[in-house]
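Protein chains: 4
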Amino acid sequence: MTAIQSDAYGKTRVRLTYVDRDREPHQVRELSIGILFEGDFSAAYTHGDNSRILPTDTMKNTVYVLARQLSWDSAEVFAQGIAKHFLDRLQDLLKVTVDIEEIPWQHIPGQNAAFLQSGNERRTAKLRASRSAFEASSGLKDLQILKTSDSGFSGFLRDEYTTLAETDDRLFGTVLQAQWRYLGDNISFNEAHRQIRRVLLESFARHASLSVQHTLFAMGQAVLEQVGDVSNIHLVMPNKHCLLVDLARFGIDNPNRVFVPTDEPSGYIEARIVR
Amino acid sequence: MTAIQSDAYGKTRVRLTYVDRDREPHQVRELSIGILFEGDFSAAYTHGDNSRILPTDTMKNTVYVLARQLSWDSAEVFAQGIAKHFLDRLQDLLKVTVDIEEIPWQHIPGQNAAFLQSGNERRTAKLRASRSAFEASSGLKDLQILKTSDSGFSGFLRDEYTTLAETDDRLFGTVLQAQWRYLGDNISFNEAHRQIRRVLLESFARHASLSVQHTLFAMGQAVLEQVGDVSNIHLVMPNKHCLLVDLARFGIDNPNRVFVPTDEPSGYIEARIVR
Amino acid sequence: MTAIQSDAYGKTRVRLTYVDRDREPHQVRELSIGILFEGDFSAAYTHGDNSRILPTDTMKNTVYVLARQLSWDSAEVFAQGIAKHFLDRLQDLLKVTVDIEEIPWQHIPGQNAAFLQSGNERRTAKLRASRSAFEASSGLKDLQILKTSDSGFSGFLRDEYTTLAETDDRLFGTVLQAQWRYLGDNISFNEAHRQIRRVLLESFARHASLSVQHTLFAMGQAVLEQVGDVSNIHLVMPNKHCLLVDLARFGIDNPNRVFVPTDEPSGYIEARIVR
Amino acid sequence: MTAIQSDAYGKTRVRLTYVDRDREPHQVRELSIGILFEGDFSAAYTHGDNSRILPTDTMKNTVYVLARQLSWDSAEVFAQGIAKHFLDRLQDLLKVTVDIEEIPWQHIPGQNAAFLQSGNERRTAKLRASRSAFEASSGLKDLQILKTSDSGFSGFLRDEYTTLAETDDRLFGTVLQAQWRYLGDNISFNEAHRQIRRVLLESFARHASLSVQHTLFAMGQAVLEQVGDVSNIHLVMPNKHCLLVDLARFGIDNPNRVFVPTDEPSGYIEARIVR
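Residue numbers (my numbering), protein chains in the order written: chain A, 33 to 307; chain B, 33 to 307; chain C, 33 to 307; chain D, 33 to 307.
To be clear, the hints were calculated from the coordinates, so they are not data collected in a lab.
Since this is a predicted model, take the numbers as computed values, not measurements.
Take the hints with a grain of salt, since some may be wrong.
Identical copies look the same in the list; a pair holds intra-copy or inter-copy alike.
[Unchecked claim] Straight line, CA to CA, 20 Å or less: simulated SDA-like cross-link-like pairs of lysine to any residue:
no.: 1; residue 1: 272; residue 2: 64
no.: 2; residue 1: 173; residue 2: 137
no.: 3; residue 1: 173; residue 2: 135
no.: 4; residue 1: 158; residue 2: 302
no.: 5; residue 1: 173; residue 2: 44
no.: 6; residue 1: 173; residue 2: 136
no.: 7; residue 1: 272; residue 2: 152
no.: 8; residue 1: 272; residue 2: 201
no.: 9; residue 1: 272; residue 2: 296
no.: 10; residue 1: 116; residue 2: 163
no.: 11; residue 1: 173; residue 2: 84
no.: 12; residue 1: 116; residue 2: 37
no.: 13; residue 1: 173; residue 2: 224
no.: 14; residue 1: 272; residue 2: 89
no.: 15; residue 1: 272; residue 2: 44
no.: 16; residue 1: 116; residue 2: 126
no.: 17; residue 1: 272; residue 2: 293
no.: 18; residue 1: 173; residue 2: 141
no.: 19; residue 1: 173; residue 2: 151
no.: 20; residue 1: 127; residue 2: 113
Generate coordinates for the entire structure from the input sequences, incorporating the hints supplied.
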């Protein structure tokens with residue numbers, strides 16, 4: 033006998049550009065949205081009975097309808113509206129997850145209706161909701177940062193396969209991913225995001241780093257200390273190694289000037305910091 | 033007060049090409065390996081004390097040493113060797129996760145020492161091990177498949193935003209991801225992988241599909257029924273929509289001949305099937 | 033005064049899946065098509081006069097119409113049909129370029145109506161046509177190949193920045209790109225492609241390689257010698273370095289067993305071989 | 033008989049991070065460099081004679097040596113130094129091409145030694161040099177821009193496959209690629225790049241666009257009129273379609289608020305504007 037232990041279905045990569053023309057200057061928001069349903073859908077799997085299955089195409093249509101009808105000014109609020117819509121009308125739906133990535137656009141300097149996409153960085157929002165509870169988190173990812181001073185790595189454990197040199201002055205680059213949860217539920221999401229992003233960048237820049245782990249903790253701690261609304265924060269900081277080029281073999285010095293940035297292999301550090 | 037709730041560190045994307053010259057014809061295996069350590073490393077985070085931290089660079093070196101020294105003929109066996117090596121020598125290490133992706137190479141037909149990379153498909157192996165227990169799983173991902181008959185979708189739930197037409201004849205394409213666990217621990221991993229892959233492909237091809245959910249379950253069920261070593265299997269099958277082009281507006285028929293394949297948005301279906 | 037020196041416009045990435053149900057078993061072809069127009073379109077640039085501009089959206093619609101109406105069994109023949117269609121009806125159009133990439137699908141073994149995408153490799157066709165002449169070429173790209181014997185590199189030029197060791201036994205991997213032109217115009221394109229691909233793979237495998245350049249020439253030469261229809265062939269063969277891991281520093285030998293495959297930097301070699 | 037009609041070899045994707053510590057605050061430049069040699073290298077192809085072949089590995093080493101030794105403050109000047117180095121010492125080398133992409137980093141606000149990667153946009157420099165002449169060009173690519181007013185497309189050619197509606201108010205998004213050449217050779221490359229980028233963005237924003245072609249020409253014209261050092265400019269502007277969502281079928285209006293951004297298919301427009 034075989035059975036389903038768990039299942040989920042939905043729609044991913046529903047893309048949306050929303051132009052807010054009701055304020056001056058215009059605002060543009062570009063989102064990529066994923067929706068996942070969990071509930072009593074086992075008959076679809078075992079017997080091909082689709083009578084409880086809302087097509088994922090309808091989920092997509094609904095996103096566009098709600099984008100127009102709801103009043104929302106952040107991905108988090110939009111996600112809540114989407115989750116509520118489906119939970120209110122589908123009795124077999126027990127849990128819905130809404131994942132939103134926002135591609136940031138900014139005004140071309142001095143222009144009211146022209147925009148520039150400001151890079152790889154993505155703002156994220158995630159909502160897991162049932163009829164009785166919901167859990168919201170916000171974050172950012174793909175934020176590439178680098179510091180050129182105040183970073184070392186020494187005093188580490190050595191074995192017979194350890195060849196890494198100790199250093200008190202290296203480049204420290206990472207592609208930051210952060211996700212945080214909130215205390216209370218009267219949150220100004222856009223303002224919280226701006227503030228947390230600023231604290232993360234400043235604490236990264238200012239920390240006298242003894243390791244990636246050390247700085248990761250300092251950054252999470254700074255957020256918890258400076259932003260009252262945050263209950264905990266999860267940080268992922270791969271170590272994107274920049275290797276000092278050995279020019280001594282050519283009789284040339286290289287006092288931390290010329291490096292090779294590498295994509296792989298990559299260190300990987302993650303932790304969740306709580307109050 | 034802030035504290036660490038959970039943390040992990042390691043190395044990802046350690047790439048390795050192994051040439052087995054001890055058999056004829058030569059075999060080539062290309063792997064990308066990730067290693068993650070969990071244990072009592074909090075002093076590194078909170079105080080920059082690296083004395084218990086084995087550098088991730090050493091993890092990389094160790095992978096290359098073990099690739100040469102261990103006797104292994106599958107990613108799963110290699111992963112076990114890597115995990116055992118670190119658990120045996122590092123007392124602060126409580127849990128290690130080894131993730132391996134294998135890029136498949138096959139011989140150029142008729143050639144003993146020349147190879148062709150056979151595509152996007154990846155074989156995967158994952159091991160989570162502590163001193164007292166380990167959990168191994170195997171899988172595949174990025175296997176793009178398509179069926180051109182025996183696929184429909186009808187009888188689904190409709191609301192006022194549902195515009196999808198019912199159909200009893202559509203294209204059904206997906207990018208299969210599968211991950212399975214084993215019964216017992218005397219497994220021939222290469223043979224199990226070959227057999228499970230074949231069952232997945234055949235059951236996909238032969239199923240009279242009433243939905244993606246319906247076929248996903250049938251595929252998982254077929255694996256559990258036909259492969260005794262498997263305890264459960266998790267399948268992810270996005271619906272990569274191929275849209276029939278409306279040529280009627282130009283007075284031309286299109287009896288399921290001309291389609292637009294799309295990458296986004298995408299349906300998403302997943303389930304774990306157990307005995 | 034400013035002026036336009038050259039211009040072109042068109043549509044790229046028009047994707048198409050064609051299911052041939054008129055033969056048994058079914059065949060599937062997936063194409064991505066680009067169309068580029070050159071002609072007397074300067075008024076659109078200088079004055080916003082669109083009266084001679086066929087929308088690129090119409091180009092897309094036309095591709096789908098022609099996919100249904102034309103009789104074609106290769107990307108090359110389809111490209112000719114597309115080019116002829118536009119040249120016949122648009123008098124301001126002087127030159128049209130049609131670029132087609134084909135994503136290869138093969139039958140799941142033993143199955144008539146289920147398919148497997150066989151990888152990164154792409155078949156390519158390019159047609160540049162005017163009312164008086166046309167130039168067709170065919171090719172392949174992203175074909176990843178590797179040989180584990182019969183490859184060396186020595187006797188090269190050295191200067192004070194040369195650190196590369198000479199070797200008579202290295203791995204030789206590349207991502208092959210080939211594009212060829214034809215003699216005559218009564219070509220069986222599918223058969224030519226199969227034959228040329230086979231000759232390229234076999235000559236790569238069998239060549240006693242003294243350098244990438246040396247093997248590239250041998251491969252082009254083999255095509256010209258063995259395939260009468262080809263007038264010339266252009267080959268691009270980046271050197272995807274697989275670096276032997278130095279295990280001697282750990283007291284362990286590594287007789288060409290363990291390598292690190294790298295994506296960057298990459299050697300780059302190209303040449304056009306003619307009769 | 034077969035022969036080589038043309039050939040070239042070199043190294044691509046040589047990555048470099050340069051930290052300028054000689055000024056306050058620190059500056060970081062990240063480059064990816066490609067070098068291509070053309071000359072009398074046919075014996076390497078036809079006979080495996082490597083005696084005139086400088087290894088591409090040496091090219092890579094040389095880039096790092098020159099990064100340290102040369103005085104350079106722009107990719108263009110660095111490219112000139114690289115080209116000169118090789119032409120000066122290799123008599124068989126007739127022509128060298130140096131291609132540089134710069135990944136832009138900016139200071140984290142208020143921080144002297146910490147940086148933020150500002151996105152997908154790349155600055156480019158290309159130099160083709162022989163002993164007697166050289167041709168330099170500069171550019172940018174992957175700059176994603178969007179305007180939400182002053183864009184229409186109407187009055188175009190229609191045929192029986194044209195279904196596109198005329199519009200006087202649409203979104204206009206593109207991923208700008210620009211490459212320009214210079215008058216004279218006493219150019220301040222960094223200043224020229226800043227100025228041209230600003231003119232491109234402002235003219236895009238301010239233009240009353242009747243088509244992509246129309247705006248592309250206006251942008252090129254603005255550069256030639258406002259930047260005296262530029263002799264000509266080549267612009268590529270794919271039309272990244274943002275499609276208005278039809279909500280009328282649900283009884284809901286959509287006055288240019290909700291759009292679907294799409295990656296494919298894509299319009300494609302290019303032109304070279306000259307004085």
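Quiz item: Can you name, in rising order, the numbers of the hints this structure does not satisfy?
Solution: 11 and 12
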